[in-house]
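The primary structure of each chain is shown beneath.
2 protein chains.
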Amino acid sequence: MSDNPEVTIRVIAILGGTGKEGKGLAFAWAKAGYKILIGSRQVEKAQAAADDVLQMTGGKADIQGVTNTEAAEQADIVVMTVPFAAHRTMLESVKPNLAGKILVDVTVPLVPPKVTKVQMPPAGSAAQEAKEIVGEATEVVAAFQNISYENLLSGEDVECDVLVTGSSKAARETVIKLVEDAGLIGWDAGPIENSVVVEGLTSILIGLNKKYGVESSGIRITGIPRRV
Amino acid sequence: MSDNPEVTIRVIAILGGTGKEGKGLAFAWAKAGYKILIGSRQVEKAQAAADDVLQMTGGKADIQGVTNTEAAEQADIVVMTVPFAAHRTMLESVKPNLAGKILVDVTVPLVPPKVTKVQMPPAGSAAQEAKEIVGEATEVVAAFQNISYENLLSGEDVECDVLVTGSSKAARETVIKLVEDAGLIGWDAGPIENSVVVEGLTSILIGLNKKYGVESSGIRITGIPRRV
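Residue numbers (this note's numbering), protein chains in the order written: chain Y, 1 to 228; chain E, 229 to 456.
Watch out, some of these pointers could steer you wrong.
[Stated by the list, open to error] Below are the BS3-like pairs computed for lysine-lysine, each with C-alpha atoms no more than 30 Å apart in a straight line: (1) E:K397 to E:K263; (2) E:K405 to Y:K114; (3) Y:K114 to E:K345; (4) E:K248 to E:K439; (5) E:K248 to E:K397; (6) Y:K210 to E:K397; (7) Y:K45 to Y:K177; (8) Y:K117 to E:K263; (9) E:K342 to Y:K169; (10) E:K345 to Y:K169.
[Stated by the list, open to error] Per label pair, the in silico range of CB-to-CB distance: (11) E:R269 to Y:V111: 39 to 49 Å; (12) Y:V115 to E:R455: 24 to 34 Å; (13) E:R455 to Y:Q74: 42 to 52 Å; (14) E:G441 to Y:V43: 21 to 31 Å; (15) E:E384 to Y:D157: 26 to 36 Å.
Just so you know, the hints here were simulated from the structure itself, not pulled from any lab data.
The structure presented is a predicted model; accordingly, all values stated were derived computationally and were not measured.
Glycine included, C-beta positions come from ideal geometry on N, C-alpha and C.
Chain Y extracted, bound-state conformation:
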């Protein structure tokens, strides 16, 4: 469980959590002992995803499927894994439920068909757009944009570090703890303006996946002793 002077995290909401990103994170955090609320517009879909994850943990998880709004309302921290096309709409609909909480934005602003080319929204990045929408009441942290969810779901080694950017240092530190609880290595990558780098890196990794015929290229920070 995360525990810092500012916030104690027990319940994690994963909005738009029915895809592999949401289920992968839910699986990792459920194993670490967090209560997970998977959110979707349709409760049935959310519940089906929650059941999948429950089964993956051998029935040993505290996980439930609810609407996105309920998930955001009931959680201590809110993670969002949606396609960029749904980013703004989702944020506007849950904004009232985010006040005083940290929003963890996993969104990468890919613009099909050129997903290997970095194309940021006018705000500078998806995370900066999120911050503009949610305003002062909610800290926004961007993370988990580069990892392979196939590996996270299958329990294989995720050979990719997590660069954590965000609108306050305390919020980044809270999320780095969650990264570690998910079995990954997290690094403080600085202010939210730096999220363009991490979001954009996904396009570069997709290009490398295509070029080399692999599924999960990633990055590692070198030159600093690794924590286990």
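The hints should help you fit chain E onto chain Y, whose structure is shown.
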């Protein structure tokens, strides 16, 4: 020596090459057998840097110090290592000498005092600004923004990959060959729009250097078999 259907590289100019970045690259490429022209506004400074590098190679290098304009004029490929404050002026002054050549831009648009925060110029990145200035006649490739020049100069292992972005695939491939000849691993990181990621990553690495008290954090691509 680099050799692809489009261009054979024998002579490398390093503009603004009297700092550690320029000397580090000059040292690596001189050892690989390239003829190096170190450029500076003052020939004396360029010659002193060339002498330093010559000495580091035990006198076994073909290296010379000349003006920036002469270096650009006489080289097959032109590498630029200048502080961002000198970026535009330098490009405007050597533009006539770059036609038909590849420009390798090593510039990171750091804006003191907040060098750990990504702050890109209106063009999107230093490399995109360079492309706007030099125009259609010159391909621009961005590379080498993240590596530790201390390690390159001392001959220690540079534990950092080189992400190569640029305005044409052929130009990126030419530069990846030069990366390998310098003893590093290079990756095709896609179109020049992606240079924002690699330039911005430098700010993140500077932040990590400060936080962890190290001098040369870097990145490695994972999940793809490494070439030696």
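So, going through the hints one by one against the coordinates:
1. E:K397 to E:K263: This hinted pair holds, its Cα atoms lying about 25 Å apart.
2. E:K405 to Y:K114: Measuring from Cα to Cα gives roughly 26 Å; hence the hint holds.
3. Y:K114 to E:K345: holds (27 Å)
4. E:K248 to E:K439: Given pair K248 of chain E, K439 of chain E holds - Cα atoms ~23 Å apart, limit 30 Å.
5. E:K248 to E:K397: holds (29 Å)
6. Y:K210 to E:K397: holds (15 Å)
7. Y:K45 to Y:K177: Judged against 30 Å, a Cα distance of about 29 Å means the pair holds.
8. Y:K117 to E:K263: violated (35 Å)
9. E:K342 to Y:K169: holds (15 Å)
10. E:K345 to Y:K169: holds (13 Å)
11. E:R269 to Y:V111: 39 to 49 Å: With Cβ atoms ~42 Å apart, the hint holds.
12. Y:V115 to E:R455: 24 to 34 Å: holds (25 Å)
13. E:R455 to Y:Q74: 42 to 52 Å: holds (50 Å)
14. E:G441 to Y:V43: 21 to 31 Å: Because 50 Å falls outside the window, the suggested range is violated.
15. E:E384 to Y:D157: 26 to 36 Å: Since the Cβ atoms of E384 of chain E and D157 of chain Y sit about 28 Å apart, the hinted range of 26 to 36 Å holds.
Checked against the numbered hints given earlier, the structure breaks hints 8 and 14 and satisfies all the rest.
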